[in-house]
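J.: For reference, the chains in residue letters:
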Amino acid sequence: MRDKPPDTAAFHRSAELQHQMEQIGARFLDRVLPDLDAMEELLAELGAGNASAAAALEMVAHRIRGSSAIFGFSMLSEAAGAIEALLASVQLHGDPVVAMPAIAEGMAAVRSAAQALGASHTAR
Amino acid sequence: MSRRSLQSVLYVDDEPDIREVVELSLTLAADLKVDSCGSGEQAIKMLATLRPDMVLLDAMMPGLDGPATLARMRADPRLAGIPVVFLTAKALPAEIQRFLALGAVAIIPKPFDALRLAEQVQTIWNGLADAG
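Protein chains in written order, with our numbering: chain A, 1 to 124; chain B, 1001 to 1132.
Hints are computed from structural coordinates only; laboratory data are not their basis.
Each residue gets a CB set at the ideal place from its N, CA and C atoms; glycine is no exception.
Accuracy of the hints is not assured; some may be wrong.
Some, not all, of what chain A presents toward chain B, calculated at C-beta under 10 angstroms [said to hold, decoys possible]:
1) Ser14
2) Gln20
3) His62
If you want the footprint, here are the derived chain A segments under chain B, 3+ residues with CB under 8 angstroms [unchecked claim]:
4) 21 to 32
5) 88 to 94
Just some of the chain B residues that point at chain A, by a computed CB distance under 7 angstroms [said to hold, decoys possible]:
6) Glu1015
7) Ile1018
8) Glu1020
9) Val1021
10) Leu1024
11) Leu1028
12) Ala1029
13) Ala1080
14) Leu1092
15) Lys1110
16) Pro1111
17) Ala1114
18) Leu1115
19) Glu1119
Just chain A, with the same shape it has in the complex (with noise of 0.2 angstroms):
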């Protein structure tokens, strides 16, 4: 009995998208470090009194949850997941305020992590 014969189209459409996604999770790595930037301001706003940066915060934070977890940087979205939740569960049963400290030594995580891949990327 013969082999199949390989699908080459959908073996090239599938090294394309592969090829394509390399290139925006580059351009997604680069963004996030701006993010940051915005997050910083956003907690130094929580912490001056403006409770609705905390879903700003959260906002953020799940969006480069999402978008890392799809290009495959599992530290990096572990890392700003960890803060979607601790924001997600401060709103619902404590004080954002309080949380701050927590919520900076994530960020810190975020970064470390987003540099690493910056740098890794950056080195291919």
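Position chain B relative to chain A; hints supplied.
T.: Just chain B now, kept in the frame of chain A:
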């Protein structure tokens, strides 16, 4: 009932990189016509003229979020019949139940596999046809 083949999709997500991935994935793998936009407000405007076969909707967006966008669609007789699938990282069982109760036909959790997304969307579409 025999539903015609899936041809066009509107994807709504505030994250531009993910919009690009979804557009690529669905056009390359399934040759679908894919339009996209970054907010629920834009989606409602576009739907007035686009009339895609299906809408893929992120849940958590600034402004009009996914559930609110779906509610607007269901309240408009011209848009109420368009199937809506949530493509979301908010995919805990309670969240999925909430989206289905709002009228979504399916939920594709993020992170999704870009290489398999077209197949997942097609399977959902075929299921709608089978359900009549």
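J.: The structure should be examined with respect to each hint, and the outcome stated for every one.
T.: Here is how each hint holds up against the structure:
{"no.": "1", "hint": "Ser14", "verdict": "6 angstroms, holds"}
{"no.": "2", "hint": "Gln20", "verdict": "5 angstroms, holds"}
{"no.": "3", "hint": "His62", "verdict": "5 angstroms, holds"}
{"no.": "4", "hint": "21 to 32", "verdict": "holds (count 6)"}
{"no.": "5", "hint": "88 to 94", "verdict": "violated (count 0)"}
{"no.": "6", "hint": "Glu1015", "verdict": "5 angstroms, holds"}
{"no.": "7", "hint": "Ile1018", "verdict": "6 angstroms, holds"}
{"no.": "8", "hint": "Glu1020", "verdict": "5 angstroms, holds"}
{"no.": "9", "hint": "Val1021", "verdict": "6 angstroms, holds"}
{"no.": "10", "hint": "Leu1024", "verdict": "5 angstroms, holds"}
{"no.": "11", "hint": "Leu1028", "verdict": "5 angstroms, holds"}
{"no.": "12", "hint": "Ala1029", "verdict": "6 angstroms, holds"}
{"no.": "13", "hint": "Ala1080", "verdict": "28 angstroms, violated"}
{"no.": "14", "hint": "Leu1092", "verdict": "11 angstroms, violated"}
{"no.": "15", "hint": "Lys1110", "verdict": "5 angstroms, holds"}
{"no.": "16", "hint": "Pro1111", "verdict": "4 angstroms, holds"}
{"no.": "17", "hint": "Ala1114", "verdict": "6 angstroms, holds"}
{"no.": "18", "hint": "Leu1115", "verdict": "6 angstroms, holds"}
{"no.": "19", "hint": "Glu1119", "verdict": "11 angstroms, violated"}
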